[in-house]
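*Asks:* Sequence:
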Amino acid sequence: MQLSRSNGGTIEPALTFLFKGGLIFESLLKHLYPNKDDGRPCETLGHIYHTSSFRADFIPNVQTRAASLQNIVDAIGNNNDMQTAFNTASRLRNTTGHNLVWGDVFDDTDNFKALYHQLVNAIFYIIKVKFI
Numbered sequence: 010m011q012l013s014r015s016n017g018g019t020i021e022p023a024l025t026f027l028f029k030g031g032l033i034f035e036s037l038l039k040h041l042y043p044n045k046d047d048g049r050p051c052e053t054l055g056h057i058y059h060t061s062s063f064r065a066d067f068i069p070n071v072q073t074r075a076a077s078l079q080n081i082v083d084a085i086g087n088n089n090d091m092q093t094a095f096n097t098a099s100r101l102r103n104t105t106g107h108n109l110v111w112g113d114v115f116d117d118t119d120n121f122k123a124l125y126h127q128l129v130n131a132i133f134y135i136i137k138v139k140f141i
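Here our numbering is used: the first residue of the sequence shown is 10, the next is one more, and so on.
Just to be clear, a hint being listed does not mean it is correct.
[What the hints assert, rightly or not] Below, in silico cross-link-like pairs of lysine-lysine (BS3-like), each with a Cα-Cα straight-line distance of 27 Å or less:
(1) K137 / K122
(2) K45 / K29
(3) K45 / K137
(4) K39 / K139
(5) K122 / K39
(6) K139 / K122
(7) K139 / K29
(8) K29 / K122
(9) K122 / K45
(10) K39 / K29
(11) K137 / K29
(12) K137 / K39
In short, the hints are calculated from the structure, not lab data.
Keep in mind that this is a model prediction, so the values were computed, not measured.
Model the full structure from these sequences, guided by the hints.
*Replies:* This is the structure:
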């Protein structure tokens, strides 16, 4: 990240990395919760989050929208709980998946680390609850 700063680079590699983490998160959930309560397929994270089986296993409300990457970073604070991890992973998946033009929050590498750690936390929460 420091190299891109000094040479007028782009945040696209960081966004792609975080997006791929979000896809892993989403893919695990789609594997575990393939259908809505009415039997139709879950096509989005929102569909999964509204299934009774997901809500019974995890948490009842997950936020999937953010106006900016800075909003996602700010919402983390000092939290490492499941709610924060799922909110962050969901917001990152949707935010990075729909646009590459975002304000650069990566001028502080701690922001990238915080986002990455929350993605990993979310994936590990799924593994802990569903596979261990």
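*Asks:* Next step is simple, just say for each hint if it's right about the structure.
*Replies:* Here is how each hint holds up against the structure:
| no. | hint | result |
| --- | --- | --- |
| 1 | K137 / K122 | holds (22 Å) |
| 2 | K45 / K29 | holds (24 Å) |
| 3 | K45 / K137 | holds (23 Å) |
| 4 | K39 / K139 | holds (13 Å) |
| 5 | K122 / K39 | holds (26 Å) |
| 6 | K139 / K122 | holds (26 Å) |
| 7 | K139 / K29 | holds (21 Å) |
| 8 | K29 / K122 | holds (15 Å) |
| 9 | K122 / K45 | violated (34 Å) |
| 10 | K39 / K29 | holds (15 Å) |
| 11 | K137 / K29 | holds (21 Å) |
| 12 | K137 / K39 | holds (16 Å) |
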